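Peer 1: Read off the chains here:
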Amino acid sequence: MKKRILHIFILAGLILLFACKKDNDSSSDGTGEVEIISLSAADTVLNVWVNTKITVVAKGDGLEYSWEADHGELNGSGVQVEYMAGTCCTGINTITCTVSNNTNSDSKKIKIRILPF
Amino acid sequence: MRKGLLIFFILYFILFIKAQSQCCGAGNPISGFENVSGIPYKTLLISPTYKYSISDTYFTGNEKNSISPDKMNYNFTSISIAYGINPRLSIQGQIGYFINKTKKYNISDWKPMRGFGLGDAEINVMYAVIKNIFKDFSLITGVGIKLPIGVFDQEVNNVKLPISLQPSSGSLKFNASVFMNKKFNEFNVSFRGFAEIANRIKSQNFDYKYGNLYLMSFYGSYNINKKISFVAQIRYEYRGKSLRENEQIVESSGGQLISFIPEINIIPAKSFSISVYPDIPIYKYMNGTQITNKFAISLKLTKSFNLYRNNEYFENSKTVK
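Sequence lines, in order, name chains A and B. When we follow the numbering used here, the leftmost residue of the first sequence carries the number 1, and every step to the right adds one. When we follow the numbering used here, the leftmost residue of the second sequence carries the number 118, and every step to the right adds one.
Some clues are possibly wrong.
[Unchecked claim] For lysine-lysine, the following DSSO-like pairs were computed, each having C-alpha atoms within a straight-line distance of at most 30 Å:
| # | chain 1 | residue 1 | chain 2 | residue 2 |
| --- | --- | --- | --- | --- |
| 1 | A | K111 | B | K188 |
| 2 | B | K299 | B | K387 |
| 3 | B | K326 | A | K53 |
| 4 | B | K417 | B | K300 |
| 5 | A | K53 | B | K319 |
| 6 | A | K109 | B | K358 |
[Stated by the list, open to error] Some chain B residues flagged as far from chain A (calculated, every beta-carbon gap over 10 Å):
| # | residue |
| --- | --- |
| 7 | P157 |
| 8 | I163 |
| 9 | P165 |
| 10 | D173 |
| 11 | P204 |
| 12 | Y214 |
| 13 | F233 |
| 14 | N249 |
| 15 | N274 |
| 16 | I280 |
| 17 | K344 |
| 18 | G357 |
| 19 | I399 |
| 20 | N423 |
[What the hints assert, rightly or not] Pair ranges (Cβ atoms, derived):
| # | chain 1 | residue 1 | chain 2 | residue 2 | range |
| --- | --- | --- | --- | --- | --- |
| 21 | A | R113 | B | A312 | 34 to 40 Å |
| 22 | B | Y353 | A | N102 | 33 to 39 Å |
| 23 | B | V242 | A | N101 | 30 to 36 Å |
| 24 | A | N47 | B | Y400 | 27 to 33 Å |
| 25 | B | E303 | A | N47 | 20 to 26 Å |
| 26 | B | I216 | A | G78 | 24 to 30 Å |
| 27 | B | Y353 | A | K53 | 39 to 45 Å |
| 28 | A | T52 | B | E272 | 18 to 24 Å |
| 29 | A | I92 | B | Y331 | 29 to 35 Å |
| 30 | B | N363 | A | N101 | 32 to 38 Å |
| 31 | B | N274 | A | K111 | 22 to 28 Å |
| 32 | B | I216 | A | L115 | 33 to 39 Å |
| 33 | A | T94 | B | K387 | 55 to 61 Å |
Keep in mind that the hints were calculated from the coordinates and are not lab data. Keep in mind it's a predicted model, so treat the numbers as computed, not measured. Where is the CB? At the ideal position from N, CA and C, for every residue including glycine.
Whenever a hint applies, use it, and build me the whole structure from the sequences.
Peer 2: Below, the structure written as structure tokens:
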């Protein structure tokens, strides 16, 4: 009986061990060896179909840069991309940059307002 | 045999069924339009389809706009499988794959962006409420679901594609339809009403809800001979405005569209047909300013397998899909 309970505890412990995962992508303050120093846009208020450059400065080794926009479009890759939005996407849009390497990551957001057409 | 087929269909729907995506970009495939007249009892239809679409013109209201910041095109393939479970009830599913969904920009140094991959899954169930063989009249109702199990949140070079280039709509959708058909010798006249409601997309990156979609189609068909028939379809499409985060209305979304869809249908061999149909917009009214579909063309092959008796689908169903 005791042996069975012990087995259940060991199994539960293993499940908990593998179920817990550190959420590296949610950090906005920088963790470990990766840190975003700045994320900036040449313009933060734009007319539709007018593009602007967005630049990230980060520190760390072997960095990779990922970009996403909740509305509008990004073009390019790496430390600098260009952003624009069409008529579908007027309003305040959020662009997220995630910088990562094999062990850590850091994310920052920037908001850009797209004026009506 | 029946149990085996049912297991096959269930597995098929769970594992493989995909369908078309529908998004804020113009000219995406519209769901629920395959085999709308119902499927004969114990008949299995397999229909691979290819579609090409191009969108390059902006409209403000019903006026063509001179701006041209970008243009889009896609190449889409799908396969539809339908089966008549009993004389009144049939089931249909589709899988689809975007070979490309490409946007080209008229902006210096901007590279074209391309999405590709599997779209959503779609399952439709149709029931013949009225099937009067003496008066050659039928009334068929249908319900369907579109499951967003395709590729969404796709990235190219670590840059996420905009929602208009994602192969999957990312949204769970429900639809209902009604179809009426009346035969007059070599002529057929039909009507179809279709409504689709989309659930909110709440992905890691996107927070979006497509406007509801309502369609009405009027079909007229004529059998030129036993091997060739012609179908003319006039389709009216109304789409409501989309919503983004915090219930904000996307003013430049939704609108009205009337399309003319002529179709030539050839039966070169027993239980096999080839259909070609362009999609020609004849009236557009866009809320705000939006890119619109210029032209689309589809090629569809259909092979039927009668599992009941030696009774051919194409001979019975004539021309209306």
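Peer 1: Please go over all the hints and tell whether each is borne out by the structure.
Peer 2: Comparing the hints with the structure gives:
1. K111/A - K188/B: With Cα atoms ~26 Å apart, K111/A and K188/B stay inside 30 Å; holds.
2. K299/B - K387/B: Between K299/B and K387/B the Cα gap is close to 25 Å, so the pair holds against 30 Å.
3. K326/B - K53/A: 29 Å, holds
4. K417/B - K300/B: The given pair, whose Cα atoms are some 23 Å apart, holds under the 30 Å limit.
5. K53/A - K319/B: 27 Å, holds
6. K109/A - K358/B: 27 Å, holds
7. P157: At about 43 Å from chain A, P157/B clears the 10 Å cut-off, so the statement holds.
8. I163: The claim holds: I163/B sits with its nearest Cβ about 37 Å from chain A, beyond 10 Å.
9. P165: 32 Å, holds
10. D173: Correct as stated: the minimum Cβ-Cβ distance to chain A is 14 Å, above 10 Å.
11. P204: 46 Å, holds
12. Y214: 23 Å, holds
13. F233: Holds: least Cβ distance 17 Å, greater than 10 Å.
14. N249: 47 Å, holds
15. N274: 4 Å, violated
16. I280: 8 Å, violated
17. K344: 46 Å, holds
18. G357: Check passes; 14 Å lies beyond 10 Å.
19. I399: Non-interface label on I399/B holds, nearest chain A Cβ at 23 Å vs cutoff 10 Å.
20. N423: 47 Å, holds
21. R113/A - A312/B: 34 to 40 Å: Roughly 35 Å apart at Cβ, these two residues keep to the hinted range, so it holds.
22. Y353/B - N102/A: 33 to 39 Å: Given about 55 Å between the Cβ atoms, the range is violated.
23. V242/B - N101/A: 30 to 36 Å: 50 Å, violated
24. N47/A - Y400/B: 27 to 33 Å: 29 Å, holds
25. E303/B - N47/A: 20 to 26 Å: 57 Å, violated
26. I216/B - G78/A: 24 to 30 Å: Roughly 28 Å apart at Cβ, these two residues keep to the hinted range, so it holds.
27. Y353/B - K53/A: 39 to 45 Å: 44 Å, holds
28. T52/A - E272/B: 18 to 24 Å: 21 Å, holds
29. I92/A - Y331/B: 29 to 35 Å: 31 Å, holds
30. N363/B - N101/A: 32 to 38 Å: Given range 32 to 38 Å: holds, Cβ gap about 35 Å.
31. N274/B - K111/A: 22 to 28 Å: 23 Å, holds
32. I216/B - L115/A: 33 to 39 Å: 36 Å, holds
33. T94/A - K387/B: 55 to 61 Å: The hint (55 to 61 Å, Cβ to Cβ) holds, given that T94/A and K387/B are roughly 58 Å apart.
Taken one by one, the earlier hints fail for this structure at numbers 15, 16, 22, 23, 25, listed in ascending order.
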